Amino acid sequence: MKYKLSKAFAHIACWLPLIYLVYAAYNRQLGADPQEEMLHQLGLWTLIYLLMGLSITPLNRIFKYPILIKFRRMLGLYAFFYLLLHLTVFFIFYLEMSVAFLWDEIIERPYITVGMLAALMLLPLAFTSTKKMQRRLGRRWKKLHQLVYLISILAVVHFIWQSKSDLNEPLMYAIWLVTLLGFRIYQSKKSRR
Amino acid sequence: MKNRNMQSVYSSIKDNQVTPESVFWDRRKFIKNFALTTVGASALGGTMLQAASSDTSGFSTAEPLSSEYVVTHHNNFYEFSTSKSKPAKMAKDFNPGNDWKVSITGEIEKPGDYTLEDILSWAKIEERIYRLRCVEAWSMVIPWRGFQLSQLINQVRPTSKAKFVEFKTLESRTVFPGQNRGTLGFHVLPWPYKEGLRMDEALNPLSFIATGVYGKDLPGQNGAPLRLVVPWKYGFKSIKSIVSIRFLEQQPQNTWHKNGPREYGFYANVNPNVDHPRWSQARERRITDESFFGVKKIATQMFNGYSDQVAHMYKGMDLVRNF
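Going down the list, the sequences are from chains D and E.
Everything in the first sequence is counted per this note's numbering, starting at 1 for the first residue and increasing by one.
Everything in the second sequence is counted per this note's numbering, starting at 194 for the first residue and increasing by one.
Treat the hints as calculated values from the structure; they're not laboratory data.
What you are looking at is a predicted structure, and each value in this text was computed from that prediction instead of being measured.
Treat each hint with caution, since some may be false.
Below, computed lysine-lysine pairings styled on BS3-like, alpha-carbon distance capped at 27 Å [unchecked claim]: (1) K451/E - K356/E; (2) K164/D - K409/E; (3) K70/D - K131/D; (4) K294/E - K164/D; (5) K285/E - K164/D; (6) K279/E - K409/E; (7) K164/D - K490/E; (8) K70/D - K164/D; (9) K164/D - K279/E; (10) K356/E - K294/E; (11) K4/D - K64/D; (12) K190/D - K64/D; (13) K489/E - K164/D.
Pulled out of the complex, with its shape left as it was, chain D reads as follows (with noise of 0.2 Å):
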């Protein structure tokens, strides 16, 4: 019961940032440009909820919680979720729709090369992320779903290569990206000793 409600109160706190970014936009309050703050909120919250995802297991391990693990898909489905909804936007307002456009961006612009492939990658994990198909790739399930960690990576780097020329705010989500891939290693050195 107490789980249950948990995981209520976690969907909602999952859709919030969503539910205040269609109310500031219809009410002018996302700024001169809406419209890219949008994006750019829906990519941040992308990447917050990955990193999320990937705490879980330290934290686990740290605190002895196990019933965190629980959360674990969750997150990892509203980063699929908000990432769906960044391509979105962009797709819209930035592409104009245009497929062409699209390609162009992917093959000339380095930060967008490194974003689509992370967003490609993310879509398998989607799809198997259910128990079913946990089942049915056995072993392969976890190999598949170590991707994250690249896709992670990707994620990180096409913040900070977009970003002009402040770079305070990007290697915050880079340090916190370390730390848990540091932590994993710490983990794997450990055990193998």
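With chain D fixed as given, assemble chain E onto it according to the hints.
For chain E alone, kept in the frame of chain D given last:
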């Protein structure tokens, strides 16, 4: 700071009544009158718009104005913040007055520290409606108030050695918190912000020093009390809150070029055919108002549509290399 001798199309409208629409229609009337007196009753039989485009000065445009809100709340003014919305809030206490000083030095006959009052006494204040194209591929149409830069230059008498002009923004961590180091200890840009023009560019009739916008004194976030406006170049050339103007024999280095020489040049002329290394410059996002659909993508024009006025200055120059 009060600007006198101002004959503005907005002056009859009270502040709280200024809406983009009313301004727009006032301007339409202006264009109509202009077209009728100069071209006659449009012998070409074209529309008003075509008639207006026969104004070859480039000092006005028939395109819809960007709203006063977006002009004053979407500002790349890194001295305050890298956020575009924050400068409007952070500049509330930045109200430079007549005692603002500009040091004008270098290859001129009359160097010195001039006050804003001195400088304004040299100037013939007028209104200009310019397109502004940011290097980030967004753009606006802005009704500036101010004076032609050449008026200031002629007043201080450049010598034959003066080949370039360098401008500097105020450096002050108390006024501009963005000049402090960021959370992780990085400076956002090397301060103070510097920009430069070739002498012929600075003397081009389009080069303008803005003292106001939308019929009012320039708000802090737009670069009060004096900012450069060079509409055929990317917005970062239009340096804000100027405290120093130096006339030089050698080409000065501008801040963005120093920060990223591969990405930002000295000339920074708007050019749809030369992409920024990380994004396309072929099209731009024209911001008209702050509603969610107030932005439209349009094609970017060579020299931001000011070819007739400026292209001759770059004849024979490789614009790909001199980006």
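Going through the hints against the structure:
The suggested pairing of K451/E with K356/E holds, with an alpha-carbon distance near 20 Å, which does not exceed 27 Å. For the proposed pair K164/D and K409/E, the alpha carbon gap of about 31 Å is over 27 Å, so the pair is violated. Distance restraint check for K70/D and K131/D: the Cα-Cα separation of roughly 12 Å lies within the 27 Å cut-off, and the hinted pair is therefore satisfied. Under the criterion of a C-alpha separation no larger than 27 Å, the hint pairing K294/E with K164/D is inconsistent with the structure, at around 31 Å.
Among the hinted pairs, K285/E with K164/D is consistent with the structure: their alpha-carbon atoms are about 26 Å apart, no more than 27 Å. Distance hint between K279/E and K409/E is fulfilled; the C-alpha atoms sit about 20 Å from each other, no more than 27 Å. Pair hint K164/D plus K490/E holds up; C-alpha atoms about 21 Å apart against a cutoff of 27 Å. Pair hint K70/D plus K164/D does not hold up; C-alpha atoms about 38 Å apart against a cutoff of 27 Å.
This hinted pair checks out: K164/D and K279/E have alpha carbons roughly 17 Å apart, not beyond 27 Å. Between K356/E and K294/E the alpha-carbon distance is near 24 Å, which keeps this suggested pair within the 27 Å criterion. Straight-line distance between C-alpha atoms of K4/D and K64/D comes to about 20 Å, which keeps the hinted pair within the 27 Å bound. Taking the CA atoms of K190/D and K64/D, the gap is about 18 Å. The hint holds against a cut of 27 Å.
Only pairs whose Cα atoms come within 27 Å are accepted, and K489/E paired with K164/D is accepted, the gap being roughly 22 Å.
Comparing the model with each numbered hint stated earlier shows that hints 2, 4, 8 do not hold.
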